[in-house]
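Enquirer: Letter by letter, the chains look like this.
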Amino acid sequence: MIYLQLFLTFLKVGAFAFGGGYAMLSLIGESVLSYGWMNEEELLNFVGVETVIPGPIAVNMATYIGYEQAGFLGALLATIGVVLPSFIIILLVAAIIKNLLKYPAIKTFIAGMRPALGGLILSVAVTMALTVFFGIDTIKTTAISFDWRSLVILTVMFAVPMIWNKIKKKEFSSILLVIISGILGIVLYGI
Amino acid sequence: MSIILQLFISMLKIGCFAFGGGYAIIALLENEFITKRKWIEHDEFMDVVAIAESTPGPIAINVATYIGYKLKGFLGAVIATVGICIPSFVIMYFVSVFYERFMDIAIVAAAFNGIQICVVYLIASAGFKMLKKMKKTPLNIAAFSVTCIAMILCILLEIHVSSVLFIFAAGVIGLLAFIVKTRKAKGEKK
Chain Z
1 MIYLQLFLTF LKVGAFAFGG GYAMLSLIGE SVLSYGWMNE EELLNFVGVE
51 TVIPGPIAVN MATYIGYEQA GFLGALLATI GVVLPSFIII LLVAAIIKNL
101 LKYPAIKTFI AGMRPALGGL ILSVAVTMAL TVFFGIDTIK TTAISFDWRS
151 LVILTVMFAV PMIWNKIKKK EFSSILLVII SGILGIVLYG I
Chain G
1 MSIILQLFIS MLKIGCFAFG GGYAIIALLE NEFITKRKWI EHDEFMDVVA
51 IAESTPGPIA INVATYIGYK LKGFLGAVIA TVGICIPSFV IMYFVSVFYE
101 RFMDIAIVAA AFNGIQICVV YLIASAGFKM LKKMKKTPLN IAAFSVTCIA
151 MILCILLEIH VSSVLFIFAA GVIGLLAFIV KTRKAKGEKK
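Top to bottom, those sequences are chains Z and G.
Per my numbering, the very first residue in the first sequence carries number 1; after that it's consecutive.
Per my numbering, the very first residue in the second sequence carries number 1; after that it's consecutive.
These are calculated hints, taken from the structure and not from any lab test.
Careful: at least some of the hints might be erroneous.
Stated by the list, open to error - With a cut-off of at most 27 Å between alpha-carbon atoms, the simulated DSS-like pairs for lysine-lysine come out as follows:
| id | chain 1 | residue 1 | chain 2 | residue 2 |
| --- | --- | --- | --- | --- |
| 1 | G | LYS38 | G | LYS133 |
| 2 | Z | LYS170 | G | LYS184 |
| 3 | G | LYS133 | Z | LYS168 |
| 4 | G | LYS135 | G | LYS186 |
| 5 | Z | LYS169 | G | LYS135 |
| 6 | Z | LYS98 | G | LYS129 |
| 7 | Z | LYS107 | G | LYS136 |
| 8 | G | LYS72 | Z | LYS98 |
| 9 | G | LYS133 | Z | LYS98 |
| 10 | G | LYS135 | Z | LYS102 |
| 11 | Z | LYS169 | G | LYS38 |
| 12 | G | LYS38 | G | LYS13 |
| 13 | G | LYS132 | G | LYS72 |
| 14 | G | LYS186 | G | LYS38 |
| 15 | Z | LYS107 | G | LYS72 |
| 16 | Z | LYS169 | G | LYS36 |
| 17 | Z | LYS168 | G | LYS38 |
| 18 | G | LYS133 | Z | LYS107 |
| 19 | G | LYS181 | G | LYS136 |
| 20 | G | LYS13 | Z | LYS169 |
| 21 | G | LYS184 | G | LYS136 |
| 22 | G | LYS129 | Z | LYS107 |
| 23 | G | LYS132 | Z | LYS98 |
| 24 | G | LYS13 | Z | LYS170 |
As the list claims (entries may be wrong) - Computed from the model, here is a short list of chain Z residues facing chain G with C-beta under 7 Å:
| id | residue |
| --- | --- |
| 25 | THR108 |
| 26 | LEU154 |
| 27 | LEU177 |
Keep in mind it's a predicted model, so treat the numbers as computed, not measured.
Note that beta-carbon positions come from the ideal geometry of N, C-alpha and C, so glycine has one too.
Only chain Z is shown next, with the shape it has when bound in the complex (with noise of 0.2 Å):
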């Protein structure tokens, strides 16, 4: 039964992907493929559509194919199936946190992976950056470009915060910074 079976797939997406999103791509892919929901080049395609649309990867994942295979209900339980493991874990781990971090070895190994976290955040911007400026996705990228209305878009984005924070001694809005950056992008690379 396809319900069934898209739901069991996506909660076992949801239960052994570790380290988030594109760690899940390539689990989902797997199923993907070997059900034959998507062809390798449809999951490509996907991926790349995927990025422009907000949330979670795993769920827009997930409602794409849920969709695709089964209609609203497809989308509805599949979707379901990949929340559903990490919120019962995280209920879990959230429950018992308070009384786990009594034990100084947990809290210092907590502790630990917090340096290497902002680390891996930071790495995830710079190879992003490199992307989008640069058009280099590997170091066998021949074809390196700079783009100067990306670097327009990137002065704003660092000056429009910082004024405002000067100004008003307050944070200036993230989604406020997306919706202008989305209106840049049109006047500058759509007109």
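We have chain Z; now place chain G onto it with these hints.
Expert: Chain G alone, transformed into the frame defined by chain Z:
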């Protein structure tokens, strides 16, 4: 406004504008719940992100679930999780229906060219914020820079290594350093 309603609306809002996957969403969650609302301490948030990274499932949802639970228990967890999922579900659902035509719209593609840059900015500033708040011990600096450089190289050289590996390794090293330190302290007492 009740805290539950506020939580739900905040999560909906973040879900609507969370372009660029997990880390971008974490940057938005940080902006909303730590900087703006001050509902959660920065250190606690970092612990949660570390835990979210090392438990399965979408990182952003893990963090949202935790924030909800922390604020209002089980109900809060449900509200936060559903709230952050609804926008992407609805948007993705409609995109699925019009998938073929959606990306052909030039203006949509142009807007996303701009948004990509904002996503890079948001993720980078989240990274720098963590660097700024980090205690600058040699071990922490090493963990930060080694992970950062290694992950960049892995991506450029197309080596597939799970980021969880680095996070876990850093945790283990932190633990080992702690054990060595306490051993030494005990030794000195004797």
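Enquirer: With reference to the structure, classify each hint as holding or not holding.
Expert: Consistency of the hints with the structure:
Our distance criterion of 27 Å between C-alpha atoms is met by LYS38 of chain G and LYS133 of chain G, whose separation comes to about 16 Å. Under the criterion of a C-alpha separation no larger than 27 Å, the hint pairing LYS170 of chain Z with LYS184 of chain G is inconsistent with the structure, at around 46 Å. Distance check on the hinted pair: LYS133 of chain G and LYS168 of chain Z sit about 23 Å apart at the alpha-carbon level, within 27 Å; holds. For the hint pairing LYS135 of chain G with LYS186 of chain G, the CA-to-CA distance comes to about 25 Å; that is within 27 Å, so the pair holds.
With a CA separation close to 26 Å, the supplied pair LYS169 of chain Z and LYS135 of chain G stays within the 27 Å bound. At most 27 Å may separate the alpha-carbon atoms for a hinted pair to count; LYS98 of chain Z and LYS129 of chain G meet this at roughly 25 Å. Taking the CA atoms of LYS107 of chain Z and LYS136 of chain G, the gap is about 18 Å. The hint holds against a cut of 27 Å. With a CA separation close to 15 Å, the supplied pair LYS72 of chain G and LYS98 of chain Z stays within the 27 Å bound.
Using a Cα cut-off of 27 Å, the hinted pair LYS133 of chain G and LYS98 of chain Z holds, with the two alpha carbons roughly 22 Å apart. Proposed proximity of LYS135 of chain G and LYS102 of chain Z is supported: the alpha carbons are some 20 Å apart, at most 27 Å. Only pairs whose Cα atoms come within 27 Å are accepted, and LYS169 of chain Z paired with LYS38 of chain G is accepted, the gap being roughly 15 Å. About 17 Å separates the Cα atoms of LYS38 of chain G and LYS13 of chain G, which keeps this hinted pair within 27 Å; it holds.
Distance restraint check for LYS132 of chain G and LYS72 of chain G: the Cα-Cα separation of roughly 30 Å exceeds the 27 Å cut-off, and the hinted pair is therefore not satisfied. Taking the CA atoms of LYS186 of chain G and LYS38 of chain G, the gap is near 40 Å; set against the 27 Å cutoff, the hint is violated. The suggested pairing of LYS107 of chain Z with LYS72 of chain G holds, with an alpha-carbon distance near 24 Å, which does not exceed 27 Å. Proposed proximity of LYS169 of chain Z and LYS36 of chain G is supported: the alpha carbons are some 12 Å apart, at most 27 Å.
The straight-line distance between the Cα atoms of LYS168 of chain Z and LYS38 of chain G is roughly 18 Å, inside the 27 Å bound, and the hint therefore holds. At roughly 18 Å between alpha-carbon atoms, LYS133 of chain G and LYS107 of chain Z fall within 27 Å of each other, so this suggested pair holds. A distance of roughly 18 Å separates the Cα atoms of LYS181 of chain G and LYS136 of chain G; the hinted pair therefore holds under the 27 Å criterion. A distance of roughly 23 Å separates the Cα atoms of LYS13 of chain G and LYS169 of chain Z; the hinted pair therefore holds under the 27 Å criterion.
A distance of roughly 22 Å separates the Cα atoms of LYS184 of chain G and LYS136 of chain G; the hinted pair therefore holds under the 27 Å criterion. Taken as a hint, the LYS129 of chain G and LYS107 of chain Z pair is honoured in the structure, with Cα atoms around 21 Å apart against an allowance of 27 Å. For the given pair, LYS132 of chain G sits about 26 Å from LYS98 of chain Z by alpha-carbon distance, which is consistent with the 27 Å threshold. Taken as a hint, the LYS13 of chain G and LYS170 of chain Z pair is honoured in the structure, with Cα atoms around 19 Å apart against an allowance of 27 Å.
With its C-beta approaching chain G no nearer than about 4 Å, THR108 of chain Z sits inside the 7 Å limit, and its interface hint holds. Annotation: LEU154 of chain Z was flagged as interfacial toward chain G, and the flag holds, the nearest CB pair being 6 Å apart, inside 7 Å. Satisfaction of the interface hint for LEU177 of chain Z is found here, the shortest Cβ-Cβ separation to chain G being roughly 6 Å, below the 7 Å cut-off.
When held up to the earlier numbered hints, the structure conflicts with 2, 13 and 14 and fits the remainder.
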